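A.B. asks: So the sequences go chain by chain: A and B. Residue numbering for the first sequence follows this note's numbering, starting at 1 and increasing by one per position. Residue numbering for the second sequence follows this note's numbering, starting at 145 and increasing by one per position.
Accuracy of the hints is not assured; some may be wrong.
[What the hints assert, rightly or not] Listed below are several chain A residues computed to face chain B (Cβ distance under 7 Å; list not exhaustive):
(1) Y19
(2) L26
(3) V48
(4) L57
(5) S72
[To be verified] Simulated restraints on C-beta separations:
(6) G302/B / D93/A: 45 to 51 Å
(7) S160/B / S58/A: 49 to 55 Å
(8) E21/A / P447/B: 15 to 21 Å
(9) Q204/B / E64/A: 45 to 51 Å
Source of the hints: derived by calculation from the structure; they are not laboratory data. From a predicted model like this one, the values you see are computed outputs, not experimental measurements. Ideal Cβ positions, reconstructed from N, Cα and C, are used throughout, including at glycine.
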Amino acid sequence: MSDDGADATDASSPTDREYAEWLDALADGDGFAIVCPNGHGSLPPRRVCPECGSPDLSREPLDETGTVATYSVVHVPSPRFADDAPYATAVVDFGPTRLTGIVRDGGADDEAPAVEIGDAVAVDVGERATDGERLVVFRPAGER
Amino acid sequence: MTDVRVAGVGLTPFGSHPERTGRDLFGEAALRAFEDAAVDRADVEELNYGNFMGALAEHQGHQAPLMAEAAGVRCPATRYESACASAGVAVREAVRTVAAGDADVVLAGGMERMTNLPTDEVTEGLAIAADDLYEVRAGVTFPGAYALMANAYFDAYGGSREDLAHIASKNHENALPNEYAQYRKEVSVAEAMDAPPVAEPLHLYDACPITDGASALVLVSEEYAAEHDLEASVAVTGTGQGTDRMALGDRERLARTPAADDAADAAYADAGVEAADVDVAEVHDCFTIAEVLALESLGLFEPGEGIAAAREGVTTADGDLPVNLSGGLKAKGHPVGATGGSQIAELTRLLRGDHPNSEHVPDAEVGVAHNAGGTVASAVVHVLEVAE
Ligand SMILES: [Zn+2]
Numbered sequence: 001m002s003d004d005g006a007d008a009t010d011a012s013s014p015t016d017r018e019y020a021e022w023l024d025a026l027a028d029g030d031g032f033a034i035v036c037p038n039g040h041g042s043l044p045p046r047r048v049c050p051e052c053g054s055p056d057l058s059r060e061p062l063d064e065t066g067t068v069a070t071y072s073v074v075h076v077p078s079p080r081f082a083d084d085a086p087y088a089t090a091v092v093d094f095g096p097t098r099l100t101g102i103v104r105d106g107g108a109d110d111e112a113p114a115v116e117i118g119d120a121v122a123v124d125v126g127e128r129a130t131d132g133e134r135l136v137v138f139r140p141a142g143e144r
Numbered sequence: 145m146t147d148v149r150v151a152g153v154g155l156t157p158f159g160s161h162p163e164r165t166g167r168d169l170f171g172e173a174a175l176r177a178f179e180d181a182a183v184d185r186a187d188v189e190e191l192n193y194g195n196f197m198g199a200l201a202e203h204q205g206h207q208a209p210l211m212a213e214a215a216g217v218r219c220p221a222t223r224y225e226s227a228c229a230s231a232g233v234a235v236r237e238a239v240r241t242v243a244a245g246d247a248d249v250v251l252a253g254g255m256e257r258m259t260n261l262p263t264d265e266v267t268e269g270l271a272i273a274a275d276d277l278y279e280v281r282a283g284v285t286f287p288g289a290y291a292l293m294a295n296a297y298f299d300a301y302g303g304s305r306e307d308l309a310h311i312a313s314k315n316h317e318n319a320l321p322n323e324y325a326q327y328r329k330e331v332s333v334a335e336a337m338d339a340p341p342v343a344e345p346l347h348l349y350d351a352c353p354i355t356d357g358a359s360a361l362v363l364v365s366e367e368y369a370a371e372h373d374l375e376a377s378v379a380v381t382g383t384g385q386g387t388d389r390m391a392l393g394d395r396e397r398l399a400r401t402p403a404a405d406d407a408a409d410a411a412y413a414d415a416g417v418e419a420a421d422v423d424v425a426e427v428h429d430c431f432t433i434a435e436v437l438a439l440e441s442l443g444l445f446e447p448g449e450g451i452a453a454a455r456e457g458v459t460t461a462d463g464d465l466p467v468n469l470s471g472g473l474k475a476k477g478h479p480v481g482a483t484g485g486s487q488i489a490e491l492t493r494l495l496r497g498d499h500p501n502s503e504h505v506p507d508a509e510v511g512v513a514h515n516a517g518g519t520v521a522s523a524v525v526h527v528l529e530v531a532e
């Protein structure tokens with residue numbers, strides 16, 4: 001449906017360009033949120049703040065570590081995650097915005113990592129086991 | 145502004161009909177609605193039709209003219225899409241059209257065909273109701289999204305899997321006498337607890353099934369009903385809709401559904417009723433936790449108190465406020481694009497007294513229907529009242 005393997009890392013790719021650029025930044029440790037003067041955070045692409053409509057937007061770095069706001073261990077995946085299941089999805093607070101991704105590490109083989117609400121995690125870019133597609137991953141804070 | 149009356153309702157049996165085309169399903173629902181309404185097809189001025197994934201399931205876009213043919217009507221016809229709230233928004237526009245005096249007779253409803261696809265393709269299809277870039281690519285499935293909400297709810301207010309199992313058990317019991325229900329079998333709390341996990345904390349019996357089916361309503365103005373001497377004792381007196389940020393992670397609170405709060409506030413104000421006036425409710429229980437969130441958004445329970453409602457017997461058939469007497473999406477089934485119309489058809493039957501579960505609400509005057517899209521980024525609420 002979108003990025004093709006290595007081309008996905010190419011910021012000039014015409015496919016979902018702003019998302020690919022954002023993932024590149026995340027992979028380089030320069031993850032950012034789009035923030036308005038009222039402090040509302042969101043993710044690209046944005047022309048205006050989705051909360052207040054302000055066009056005065058800037059890129060603000062994400063907090064170094066985030067806090068797990070909620071999570072779920074998924075046992076029945078979509079086909080594109082067939083070889084990844086079971087996996088733990090989490091929504092994580094990173095200061096100006098929240099990110100959604102998969103928790104990696106911290107669990108036994110063939111099991112989803114143990115996660116709790118309130119856990120501190122760092123964000124990274126990893127690969128989907130099923131097809132190598134890039135995705136947002138979280139690791140226990142301090143392991144990156 | 146005129147009163148909007150439900151002149152007739154039609155449903156197909158909900159279930160697994162992989163060999164039946166969408167046009168046949170909607171044609172059947174419309175036929176039954178016209179039989180129930182005793183309204184002349186030629187008087188229909190608009191068709192508002194809900195459908196979510198017809199382009200994936202049947203390789204068929206532009207479905208509205210096809211469904212006008214299937215229903216035997218020739219009038220402006222439009223397809224509405226708001227994920228699982230597709231029929232809800234279709235009905236809402238029909239209600240507004242009649243209330244505004246722009247039409248005297250509107251046919252509204254929806255259809256979804258799902259079981260002709262392999263289960264993994266349905267999973268993928270349903271996921272497109274979430275944010276593709278920031279949720280689906282991050283591994284969020286449709287059950288997974290509600291599981292994220294369930295864990296957030298447990299963290300904020302408490303509650304347990306067993307509370308959710310009571311909701312599943314209740315709705316399965318309600319479906320037993322419903323001739324349109326997909327699953328007419330009892331599910332005990334213990335069976336629900338022991339079922340395999342889908343996305344923890346949600347297990348198999350926390351989830352609605354994959355369903356084919358269609359719903360249709362003939363909505364008419366009060367004047368038209370009087371002129372034609374129709375039996376149309378139930379009125380749609382209030383309608384409301386709300387929208388939230390698409391991605392769950394972008395919501396201020398993960399254990400609340402403010403789009404439904406907004407829809408309920410607007411619908412109650414439109415009808416001139418309050419939550420305390422509601423006698424019976426049909427709510428969008430695509431997952432058991434969704435029923436909890438719905439009850440709290442509708443103001444029927446305070447935040448944090450909806451979780452215990454089924455376990456404590458308040459929302460059971462014999463309770464003070466029966467919820468999902470149809471069996472809900474959980475047991476009656478969830479043909480995504482038909483569900484919002486089906487809820488209003490069931491509520492109409494309950495209020496008219498011709499539903500197999502009407503005996504549980506003999507004196508009900510006010511009913512409320514709650515239909516949600518995605519993880520409640522869209523919500524539609526309707527108030528129905530006994531007018532005669
Ligand atoms: Zn803002």
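A.B. asks: Could you run down the list of hints and mark each one as holding or not?
C.D. replies: Going down the list of hints, with the structure as the test:
1. Satisfaction of the interface hint for Y19/A is found here, the shortest Cβ-Cβ separation to chain B being roughly 5 Å, below the 7 Å cut-off.
2. A hinted interface residue such as L26/A counts as satisfied when its beta carbon comes closer than 7 Å to some beta carbon of chain B; here the least separation is about 12 Å, so the hint is violated.
3. Against a cut-off of 7 Å between C-beta atoms, the interface hint on V48/A is violated, since the closest Cβ of chain B lies about 14 Å away.
4. Taken as an interface hint, L57/A does not check out: its beta carbon lies about 15 Å from the nearest beta carbon of chain B, beyond 7 Å.
5. Interface restraint check for S72/A: the shortest CB-CB distance to chain B comes to about 4 Å, inside 7 Å, so the restraint holds.
6. About 21 Å separates the C-beta atoms of G302/B and D93/A, a value inconsistent with the hinted range of 45 to 51 Å.
7. The hinted range of 49 to 55 Å is satisfied by S160/B and S58/A, whose Cβ atoms lie roughly 52 Å apart.
8. Between E21/A and P447/B the beta carbon distance is about 39 Å. The supplied range of 15 to 21 Å is therefore violated.
9. For the pair Q204/B and E64/A, the beta carbons lie near 50 Å from each other, so the given range of 45 to 51 Å is met.
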